[in-house]
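Please model the entire structure based on the sequences and the hints provided.
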Amino acid sequence: MILILLCLAICTVAGIGAWLTRRSPKLTSALGQGGAVSGAALGMVGAISVMASGIPEGLRCSWSVPFGSCSIELDALSAFFLLPVFLLTGLAAVYGARYLSQPKYASRLGSHWLFFNLLSASMVVVIVARNAILFLMAWEIMALASFFLVTLEHERESVQRAGWIYLISTHLGTAVLFFFFILLGSKSGSLDFDSFQSAGEVIGPQATLLFILALIGFGTKAGIVPVHVWLPEAHPAAPSHISALMSGVMIKTGIYGIVRTLIWLDNPSVEWALTLIGIGGVSGVLGVLLALAQHDLKRLLAYHSVENIGIIFLGLGVGVLGQATGTPILTVLGYGGGLLHVLNHSIFKALLFLGAGNVLHGAHTLNLENTGGLLKRMPWTGTMFLVGAVAICGLPPLNGFVSEFMIYAGAFHAVQSLDAFAAIPSILAILALALIGGLAVACFTKAFGIIFLGQPRSQHASEAHESAAAMRWPMVVLAALCVLIGILAPLSPVMLRPVILQVAPLAALLVSDSMAQIQTTLAVIVGVMLLCALLAALLLWRRRTKLTGRARADAVTWDCGYAAPTARMQYTAASFAQPILRLVAGIVRLPKRFTQPKGYFPSAGSFSTETPDVVEREAWAPAFRIVERVLMRFRWIQTGSIHLYILYMAITLIVLLIWKLW
Amino acid sequence: MQDLLFVLLILTGFVFLGSGRMQFGIRTVALQGILLGLIPLLGNLQDLWARLTALAVLSLAIKGMVLPYFLTRAMHKSKALHEDNPFVGFTASMVVGIICLGGSFWIASRLPFIDSSQPKMAVAVSLFIVLVGFFVIISRRKALSQVLGYLVMENGVYIFGVAFAVDVPWLVELGVLLDVFVAVFVMGIVIFHISKSFDHIDTDQLSSLTG
Amino acid sequence: MLFNTLSLSALVLVPLIAGAAALMIRPDRLRRGLLISAAVLHFLLTITASGASPVLGGWLALDSLGHLFLGIVSLLFLVAIVYGVGYLAREKQTKEPGRVDAGSGPLLVNSRESWLTGCLLFYLSAMTLVCVSNHLGLLWVAIEATTLASAPMIFFHRRPQSLEATWKYLLICSIGIALALFGNFLLAVSTSIITSGESPLLLDQLLLQAVHFHPQWLKAAFVFLLVGYGTKMGLAPLHTWLPDAHSEAPSFVSALLSGALLNCAFLGILRAQQILNASGLAAFGQELLMGFGLLSMGLAAIFILQQPDFKRMLAYSSVEHMGILALGVGLGGTAVFGAMFHAVNHSLTKGMLFLVAGNILSVMRTKSTAEVRGLSHLMPVSAALWMAGFLAITGSPPFGTFLSEFIILKAAIEQSHYALAVIYLLILSVIFVAMASIVVRMVQGVPLRAREPAAHGESWLMIASPLVLCVLILILGVYMPDIFEDLLRDAATVVGGSA
Amino acid sequence: MLNLPSLIPFLIALGTAPLLLGVIQRTKAITAGRQGQPILQPYFDLSKLLRKGAVYSRTTTWVFRAGPLLSLAGLGTALLMVPWGSVPATIAFSGDFVLVLYLLALGRFFTIAAALDTGSSFEGMGASREALFAALTEPIVFAVLITLVRLTGEMSLTNMYQQMSLILRSASGAALILLIVIMFVILLTENSRIPVDDPTTHLELTMIHEVMVLDHGGPDLAFILYGSALKLWIFSALLAGLILPVYTGNLLLDGLAFLSGMFGISVAVGVVESVMARLRLLLVPHMLIGTTAIAAVCIYLTLG
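Residue numbers (this note's numbering), protein chains in the order written: chain A, 1 to 662; chain B, 1 to 211; chain C, 1 to 499; chain D, 1 to 304.
Quick caveat, the hints were computed from the structure, so don't treat them as lab data. Treat each hint with caution, since some may be false.
No farther apart than 27 Å at their CA atoms in a straight line, the calculated lysine-lysine pairs in the DSS-like style are these [said to hold, decoys possible]: (1) A:660 with B:79; (2) A:546 with D:52; (3) B:196 with B:77; (4) B:79 with B:196; (5) A:546 with D:48; (6) A:104 with A:26; (7) A:546 with A:376.
Here are some of the chain B residues that sit facing chain A, going by a computed Cβ distance under 8 Å [said to hold, decoys possible]: (8) 10; (9) 87; (10) 88; (11) 137; (12) 138; (13) 203; (14) 204; (15) 206; (16) 210; (17) 211.
Quick reminder that beta carbons are idealized off the backbone N, C-alpha and C, glycines included.
Here it is as structure tokens:
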């Protein structure tokens, strides 16, 4: 606990220090980065020690604010969520310091490091807070700090818009949370989380209302459909390491909130599981479809966050199903898979966003249609990006597969053992996961293939260069973690055990049983994957021996007889995604811009597609417009005529007199 | 005896509603001031006689003389001699006045008498005068008319005060008088400025601040 | 002991005498010095005034409610005056002929500064009297006096628009006050069952005997008082003068109007509610207050949306917050505590916002939200404060407003007013969205080329005052001193809340 | 879990997989009234290719070279977990089918990446179509598995297929027939057979899978060819287990029954290829979505 407090103190002080020394970019950078890294390191030690010992550490002191108490606690669940926070804070700080070393950022380093450190500190407080007021304050500071980070380059119109959308959605989400916490507090008698813990019995029929409020409130931060609209706006607008931090861990605080809520409102029902899985499925599928339609790498990645949050929801849904039906193996696999995916997604999504940062840095564009062939020019970045891409598709042997496998396994267990009604959610979960998996492969072959493979499609891309070491090594660390978690998969249930026990208090024996079962399965999988790797190595060796001494020619790509292919003739991102998108044209509209070549000697023609967010355009924007139009209709009230104003007074007086004296 | 005064006051209200000439309006208001100064003297509160007399004289002086004088000056300065084109015509105003009178009596009937010694018509009449003031402010364009309307309203309120002779202490009564005086004074100054910078004192054209 | 007895009279008399003196003093420096020293002295007296004994036979007395509001008035006055002196000094310097103010044509010559100073001090004196008077008649006189003292200040810049605003302010508020007087008379009648001869409008005595009052008369009295003082307080649909006056007055005067004057009118309503509480008719008043509260909030939302003038936006936000105060008191229970807290928070925040708006206005020379862009480049500190103020006024943590709005919401939900809580949250959200789209665009982006900022830039005099206020609301959001909490609690109990 | 004697079927499968391709070719030739290639032609092709050198485009990177390797390695490993009908697979564990499918997906990922690595628009086109069809078949396969898990109450392929014959006798025959239809469609789609794709066409614009591997040659092409044989084996095996649910307990008998089923399926594929024309590309997704609907009916039947 003391380490966490120390970490908070260091982050805050370093942030303020960095702001005070903003006139000297070097000092600011050093302070900000140093504070974030050392704070993260200390905190990491603290979190790991709690994870290892399994004994919660708490601290409680009074706080002179109405209903507030300064109580914080580090239990298994908090510690688990803190792991990625500290990991990414440290890495993003290292990366960011280098990323922002360009002169154009010099003037805003101070505020950047202030808010960066505040964001880190507030995320930690959100996760360890045990009082609603403290939680909400940290929650809002987190939102505001990230808002200012997103709008770091606020001169651009698109960044302003993104910041605005983000600010509004986070605030509306928080408003729902106000309602949620107050309602929960009014049932349990206090705004301390301790009292929520025992509120389960008192709540009764309002539990479902509370559950829905939590879903909306926390879901907005997590980015579930239909309240995800800020994600694809904010992530592209922010500097890459900020996107990594936000997408990697900040949105996970929403998941943290939902898991906490599930602890408070025990006795979930099958309907809840169905809700979670429904939301998860829709978020996952819509997220990946919209990702497929994007040609801006960071937007694409942002939509993948929506998708992965959907997968996490599927896992949680299976876990809830297990709780509702009293099937421990489901609980263990569902919660286990969902929570592990939280960690995994933090790692590979951060990896990919840092990769996007390097692409922007090296090739000066994030538009897929202007890239190509970067793997040759940026081998480190490209390879690490590939690792991230394979991991996010949930392909073996990397970490994404482990968590997805657990969710699959849980859902199949449900299909196997539950009655028809209870099996439906799990069937939906499996089908959604399968569809998401297939589409994710399509999407990331597109992203990786178009950016890093083939030939450069623009001048910038052909002149791209690899990034500095400080921008590569964080990626290497993350990629290594992807592999490591994949290989050490059998250990993951051990790590998750205290967390699962906390989320769903089952008899320890039952958990151990299920755990042992999963561990063996995972061990076999790792074995099979090693076999696979062995086979691949064998084939590589065979090919090498076959080819030694034979003719090996380097040539141009076979051009089907056409003599002068250019890089512009390659398949583009838009054309790659077109067949899939056409199938779902009802959901994902593709406004096209098309200039047809004309005349006998046709000159330039052009074709491009862009995909706005369907939910934003079809639901939120019209809703906002309607509210605005309705409200504007009352503008005549203030006409400027004093006669009318006094008439209002007279009418008010007379109406009140008649009404009240009747 | 008091009832006679009340009837007269109702009449002044109607006269005020039906007239468009400023000078006439100012005189009506002055007359009201004088009438309401007389009310307490005709009541049956002998023990407060000295104080009431002093107050009556003072209000007579201010409402009946100083303010009318001041307003007449403002009228000449701003050259607003006649309310040309009110939002509600003078005849229609009278009709509204009748409705107001009915409403006032209704409201008064909802407020039961606490004490039989209280003047029976006071509530209704004062409410009526207040409503007349309100209506004039709403329906007339000239700033000066609005000030007059405000004064009528004040008179209405004041009628109630003196009729019940609730012993609002001396200091407060003075304060009330002073406040009304200063209010009208400040309004006069503003009217002066308005006529200077706008060339008119039609307040419906003072409507650039909207939304 | 002597000090104790004198302090209440001194509170009222110090600014009164200083004001009279200011009218006669010629040299600017001396007069400004007098202004500041009077404000400082007043503030010191306010802090030490707790437990001051009643004066004038109980006509002047200071209960905790009055003390709370007096504290707000005095603190805000001090801070605003420090800013105002800087403002006046700058006005003097930049009074070159032909100075053009966008949207409103040539700038006319300001009123005499001595007039403004005098009015400011009279205004302070009147507001003090509102807070310390224990007699409803005196309270009425004092509130009317605040109107009269503040009207010339709105007209300080002598633009046609300020004239219009002044006229509306004066007329509408005077009518309101007249109605309140009627209410006072009705109240006096309702008491006449039991009193005879004594001063019936002395608050302490009213509260003691309120059980015996005639309910019908009391209700009528409350309606008149509510409409009367509500006009001055800015409750919709009686608020109409408010945006005009606030947008046309010099910014530090707007800060005082919004932060102090509205509260004083609110105090009038609270006194009436106190009597209702004592007579067992609490629910009658609370119902009305809730209705007006919601109406005001909703109305403010309509006009904050796409508001083209940022000072008007702040003015409508005041309407909104007055609505929240009314709602809080209307809800009763813990919400009253929230409302008291909110009154403090709102005054400080709105004061800060108006001062920053003054900075923006004086540098950008426009009130149009569409023409201000990229403030963070032009005036970084003001931009940061503007943003912070926006977050604070919309109730974002960690500012004090968050806590107070939260407490009111909590009370609503705990009393099972779910629909009300939802509407409350919805309106707050709409206002947040509307203000965000205005404020964020002003702060961010690239400055418009067509708008060259004024030469003088940001001076410490312009920054210090709003900064102090910002720090204060931040502190109130994370730490509430015990003394302050006790004061709030006592004040809430006076108005019938439970803490 | 690891079943050493069952390595023998695995090895036999590795050996005989290309034969299935030969059988298909031969069937097509015979139905067309031709003599056709020798039935062992795929083996000849493989050995010829393995003896050749290689040509690599200058555009490509190591990803291009990794594609065939990883794809084949994935398929080979997946084969370990596929049972011979009621004859157990080498490796079986709870949820092994997920790993099988994801190994195939891993291979597909790298095949597509390799295709994009060439920078050729034709290969990009093939990659795009491959990605689409994979995304559409994936849920169908999982729907089939859901049905199987629900019907048999088992969680590994080996156990499921051992339970199959019992099921046949029970009332869920209808579901089983539907499953067979679905699996046959999947088999045709995944292995790029007519009516989805034509492996023998030479018009690049109409191809799907074949166009992705245009640039590979020599050993790489051999790996790819062999890989597609393994893939055909895997899907045929899954289908054969459904069609011929023989469970005598005698491994030899069961194995023989299974093998005959496998070749029967190959003949059937050949016949279908001969009598049907290739579907228009745009109609393929419609067919797959129709199959999804049937799969949904299957699941519904098992819920009751």
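Q) Going back to the hint list, which numbers does this structure go against? A) 1, 8 and 10
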